[in-house]
Amino acid sequence: MMTHPGAISGCPPGLEYLTQIDQLIVRQQVDLLEVLVDWECANKYSIQNSLGQQAYFAQEESDMCQRQCCRHDRGFVLHITDNSGQEVIRCEREFKCCVGCCWCADGGCGWEMTVESPPGNPIGRVRQQSSKWKPHIGVYDESNQLIFRLWGPCCPIQNICCTDDIDLTVGLGL
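Heads up: the sequence shown at position 64 corresponds to 64 in my numbering, and the numbers run straight through without jumps.
Calculated directly from the structure, the hints in this document are not laboratory data. Ideal Cβ placement from N, Cα and C applies to all residues, glycine included. You can trust all of the hints, since none of them are fake.
30 Å max Cα-Cα, derived DSSO-like pairs, lysine-lysine:
(1) Lys44 - Lys96
(2) Lys134 - Lys96
(3) Lys44 - Lys134
What follows is a list of derived Cβ distance ranges for each label pair:
(4) Ser9 - Val30: 38 to 44 Å
(5) Asp38 - Thr114: 26 to 32 Å
(6) Ser143 - Leu36: 44 to 50 Å
(7) Asp141 - Glu34: 33 to 39 Å
(8) Ser9 - Pro122: 18 to 24 Å
(9) Val26 - Thr3: 16 to 22 Å
(10) Met64 - Ser143: 35 to 41 Å
(11) Pro12 - Gln66: 26 to 32 Å
(12) Ile123 - Pro5: 15 to 21 Å
(13) Met64 - Val26: 20 to 26 Å
Whole structure, please, built from the sequences with the hints as guidance.
Given below as structure tokens:
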């Protein structure tokens, strides 16, 4: 585990780790039930620095029925805690029936997630963007200004034949 750097002026409590790192590695903790019988479980993640030290832990809160029937398109709340167990970020994505297609994401069918830090204090949102090929995500501040974009890999059958780590490319601004 990373050692806590202490309070930093202008930085929300619990996010001080982010001022010391240049890379985050998110590793899903796979549930045996999910692997053996294809039963979708609430996801858990270890969020680490490049040395493999845990900086945060994330745990999904979602409806069991949505997990089984809607899989990746389900709504959820993601609770991100620091190493002391204090929730420092909360992300919420509501269920949307038509979500998922990257072609029409800007037409109201893309998913959107609100981000709060500390919980109850909105700091921005993350939105699926329209794309012809790769997953494309926009990250916005609390005043809805684009901060940066993320582009995912170009593999339409990820997790079936492409089981490697997923690297996201970050682009600033528009």
